[in-house]
Amino acid sequence: MTDHESFRADTRAWLEANCPAEMREPMRDEGDACWGGRNPSFKSEAQRRWLDLMAERGWTVPDWPKDYGGGGLSAAETKILRQEMARIGARNPLMSFGISMLGPALLKYGNEAQKKRFLTEIARGEIRWCQGYSEPGAGSDLASLQTKCEDKGDHWLVNGQKVWTSYADKADWIFCLVRTDFQAPKHKGISFLLFDMASAGVSTKPILLISGNSPFCETFFDDVQVPKDQVVGEVNKGWDVAKYLLGHEREMISGMGLGGGANVALGEALKEALADDPVLRADVARFDVDAMAFRAMSERFIDELKAGQAHPAQPSMMKYAGTELNKARHELIMAAGGSNALEWASERSRGGKHAREWLRTKANSIEGGTSEIQLGIIAKRILDLPGA
Amino acid sequence: MPLYLTDDQAMLRDTARGFMAEEGAIAKQLRHWRDIGCKDGFGHGLWKQLAELGFTGILIDEADGGLGLGHVEAGIVMEEIGRNLTPSPFLVTAVAVVEALKGTAQGELWYPGILSGDTVAALAVDEGAKHRPDAIAMKAERSGNGFRLSGRKQFVVQGASADLIVVAARAEEGVTLFAVERQARGLEVEGVRLADASIGARMIFDGVEVDADAVIGEVGAGEAVLGRVLNAGRAGAASEMVGVASGAMAMTVDYLRQRKQFGKLIGEFQALQFRAAHLYSEIEIARAATLKAQQLLDEGSEEAEAMVSVAKAKAGSVSTLAVQEGVQMHGGIGMTDEYDIGLYMKRDRVLNELFGDAGYHADKLARMKGY
Numbered sequence: 001m002t003d004h005e006s007f008r009a010d011t012r013a014w015l016e017a018n019c020p021a022e023m024r025e026p027m028r029d030e031g032d033a034c035w036g037g038r039n040p041s042f043k044s045e046a047q048r049r050w051l052d053l054m055a056e057r058g059w060t061v062p063d064w065p066k067d068y069g070g071g072g073l074s075a076a077e078t079k080i081l082r083q084e085m086a087r088i089g090a091r092n093p094l095m096s097f098g099i100s101m102l103g104p105a106l107l108k109y110g111n112e113a114q115k116k117r118f119l120t121e122i123a124r125g126e127i128r129w130c131q132g133y134s135e136p137g138a139g140s141d142l143a144s145l146q147t148k149c150e151d152k153g154d155h156w157l158v159n160g161q162k163v164w165t166s167y168a169d170k171a172d173w174i175f176c177l178v179r180t181d182f183q184a185p186k187h188k189g190i191s192f193l194l195f196d197m198a199s200a201g202v203s204t205k206p207i208l209l210i211s212g213n214s215p216f217c218e219t220f221f222d223d224v225q226v227p228k229d230q231v232v233g234e235v236n237k238g239w240d241v242a243k244y245l246l247g248h249e250r251e252m253i254s255g256m257g258l259g260g261g262a263n264v265a266l267g268e269a270l271k272e273a274l275a276d277d278p279v280l281r282a283d284v285a286r287f288d289v290d291a292m293a294f295r296a297m298s299e300r301f302i303d304e305l306k307a308g309q310a311h312p313a314q315p316s317m318m319k320y321a322g323t324e325l326n327k328a329r330h331e332l333i334m335a336a337g338g339s340n341a342l343e344w345a346s347e348r349s350r351g352g353k354h355a356r357e358w359l360r361t362k363a364n365s366i367e368g369g370t371s372e373i374q375l376g377i378i379a380k381r382i383l384d385l386p387g388a
Numbered sequence: 389m390p391l392y393l394t395d396d397q398a399m400l401r402d403t404a405r406g407f408m409a410e411e412g413a414i415a416k417q418l419r420h421w422r423d424i425g426c427k428d429g430f431g432h433g434l435w436k437q438l439a440e441l442g443f444t445g446i447l448i449d450e451a452d453g454g455l456g457l458g459h460v461e462a463g464i465v466m467e468e469i470g471r472n473l474t475p476s477p478f479l480v481t482a483v484a485v486v487e488a489l490k491g492t493a494q495g496e497l498w499y500p501g502i503l504s505g506d507t508v509a510a511l512a513v514d515e516g517a518k519h520r521p522d523a524i525a526m527k528a529e530r531s532g533n534g535f536r537l538s539g540r541k542q543f544v545v546q547g548a549s550a551d552l553i554v555v556a557a558r559a560e561e562g563v564t565l566f567a568v569e570r571q572a573r574g575l576e577v578e579g580v581r582l583a584d585a586s587i588g589a590r591m592i593f594d595g596v597e598v599d600a601d602a603v604i605g606e607v608g609a610g611e612a613v614l615g616r617v618l619n620a621g622r623a624g625a626a627s628e629m630v631g632v633a634s635g636a637m638a639m640t641v642d643y644l645r646q647r648k649q650f651g652k653l654i655g656e657f658q659a660l661q662f663r664a665a666h667l668y669s670e671i672e673i674a675r676a677a678t679l680k681a682q683q684l685l686d687e688g689s690e691e692a693e694a695m696v697s698v699a700k701a702k703a704g705s706v707s708t709l710a711v712q713e714g715v716q717m718h719g720g721i722g723m724t725d726e727y728d729i730g731l732y733m734k735r736d737r738v739l740n741e742l743f744g745d746a747g748y749h750a751d752k753l754a755r756m757k758g759y
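Protein chains in written order, with my numbering: chain A, 1 to 388; chain B, 389 to 759.
Just so you know, the hints here were simulated from the structure itself, not pulled from any lab data.
Note that this is a predicted model, so its numbers are computed, not measured.
The beta carbon of each residue, even a glycine, is placed where N, CA and C say it ideally should be.
Wrong hints could be hidden among the right ones.
With the C-beta cut set under 8 Å, the calculated list includes, among others, these residues of chain A facing chain B [stated by the list, open to error]:
(1) G267
(2) R281
(3) D303
(4) E304
(5) L375
(6) I378
(7) L383
Throw the hints in and build the complete structure from the sequences for me.
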């Protein structure tokens with residue numbers, strides 16, 4: 001048996017023996033996810049146990065170095081682990097912005113002390129993170145951010161506001177883009193700062209969306225004191241860290257439009273409504289052409305990524321096309337649903353599921369880089385068109 | 389099977405691309421034959437050159453002297469034909485008719501001529517303004533040991549130049565495909581110049597007598613063969629449309645990078661940048677869908693039929709977008725015959741109607757999916 005074969009066998013055996021039955025069932029909705037944190041709320045004992053068992057092995061972050069709480073697995077071994085988990089339907093033990101976003105940035109830009117402290121906590125699910133990027137005045141033009149970070153000698157003093165901070169009201173710590181130099185050109189005066197959300201002067205306010213409740217918050221900083229050693233990378237070089245992190249985020253989101261899971265044509269799902277509505281049927285048929293074509297494109301993108309053949313700006317195209325397609329899908333679902341789909345809060349409508357999803361998808365083309373930003377990236381980096 | 393070209397396929401693409409850009413160039417082929425009023429609408433010399441490269445036998449088994457390749461490879465050649473707007477019998481002869489004659493005695497008879505570049509074939513299916521293969525009305529009545537064919541066909545691509553015409557007609561038992569020779573008595577062919585300068589013949593079969601051995605496959609079992617043939621043609625046409633779209637887009641992006649107005653290159657204007665970027669996205673999606681359909685055809689997958697309709701529909705609407713944006717973004721000169729961009733628009737319109745347009749295939753997909 002090769003090393004990989006015996007690793008697979010050992011992994012399979014361990015998973016069989018240790019993954020609770022409940023953790024082999026798919027999550028019913030976002031509420032079933034395990035976020036960990038200082039004051040974690042576990043849905044069940046099984047969920048807590050699963051996190052503990054996996055964290056102990058460092059398998060919450062299998063390919064991170066063991067020194068930082070990771071599993072120290074190679075890329076190949078990590079792939080084997082994921083395959084074996086998928087084989088029994090084992091859930092991801094920990095959802096974490098620390099894992100998906102901050103961790104990779106720390107691995108690249110953090111100093112040893114930061115890596116040892118923060119990565120280990122992330123790996124064990126002990127600290128829940130949120131991301132402080134956008135501001136009311138800095139959305140697409142993120143680099144124009146104004147949250148002030150002053151050097152007070154023995155600490156930083158932070159004043160300002162962030163918006164669209166997901167789960168800020170539940171997070172323990174924040175990784176935050178702040179301005180440390182107001183004289184320099186905008187990209188060159190930004191720092192990447194980590195601090196405790198429990199610090200004095202930090203407050204949050206949830207944002208109600210047109211679709212109803214959301215994890216988004218406004219976050220306010222009122223003379224927040226932050227220890228000096230919590231800047232990641234160099235002072236005023238935070239934009240590099242932010243860009244690196246955004247690259248990761250976009251790759252994640254570009255998986256979004258991928259057919260929405262099922263291989264069922266939209267028309268099949270809406271069949272009854274289309275039977276006596278030839279115009280809607282035609283719209284849905286054209287949509288299904290677009291959706292099946294995009295599914296092929298998604299397959300091609302993933303294959304090219306794996307082979308190292310994808311253009312670096314390709315995620316922009318995928319995000320743009322996928323999100324616009326998703327919006328179109330929900331427009332058609334609402335049209336097919338007629339006045340039944342308009343119900344906002346009834347049991348019959350499962351709490352206005354269709355209407356709320358339809359509204360929520362409008363943000364898909366705005367969050368993670370607007371469609372217009374993505375088109376600009378395609379124009380500049382793929383088509384090489386002139387201008388700013 | 390990863391959804392990108394293998395190394396061999398990429399090499400074929402590079403060869404085809406270089407060859408078609410040189411020998412199949414617009415000035416050398418499309419404009420030349422058009423401007424001298426050539427009745428065939430294409431160059432036989434180029435057809436011979438394609439035969440020498442082995443391309444005319446791309447779908448013919450190696451045992452029969454062909455390259456033994458598949459729809460992906462045929463699509464690779466088609467895309468370059470599309471990019472250069474090259475008039476050629478390749479799609480109908482080397483793809484559709486070769487597919488029709490696979491494993492038949494007719495194939496043994498006609499393949500050598502196709503391989504040598506001496507034979508041109510046509511496919512006669514449409515009987516009205518729109519592609520409706522389910523509504524074939526042309527009659528095939530028993531006559532002696534053979535059949536008598538009566539009816540009309542239109543939009544028969546290369547019909548006026550073909551040595552062999554594969555015709556779909558309805559016998560008592562059902563739709564049947566027949567191999568009819570050009571000189572058949574009772575066959576009237578009118579070469580009709582189309583908007584893209586190609587010739588799409590109108591044909592009248594006035595009691596054309598054919599022997600029993602003119603039947604391709606089995607009597608009454610033609611629908612399955614016709615379906616296979618049309619899907620091969622649709623997949624090839626989809627590739628040609630991806631080529632047309634790509635060629636139109638390349639011309640247009642070049643123009644955006646060169647044309648100056650208001651003291652700026654017009655490619656700096658955000659509105660045009662966004663439209664160009666959107667078009668890029670759509671073309672890449674159409675390209676992926678087309679390759680997927682061709683891979684599925686080559687695998688003999690049950691899913692191929694649906695994906696072929698997706699590809700034909702998507703490539704068609706995308707290519708239409710590309711040519712419309714192309715003419716528009718070129719401004720006034722886009723409307724001149726001197727510039728090539730308008731030629732792309734004309735070719736796109738013809739290709740859309742060939743083997744079923746985007747609406748036809750969206751409807752077909754919907755029916756296949758049960759709605």
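Do the hints match the structure? See the list:
no.: 1; hint: G267; in the structure: holds (4 Å)
no.: 2; hint: R281; in the structure: holds (7 Å)
no.: 3; hint: D303; in the structure: holds (4 Å)
no.: 4; hint: E304; in the structure: holds (6 Å)
no.: 5; hint: L375; in the structure: holds (4 Å)
no.: 6; hint: I378; in the structure: holds (4 Å)
no.: 7; hint: L383; in the structure: holds (6 Å)
In summary, the structure agrees with every hint in the numbered list given earlier.
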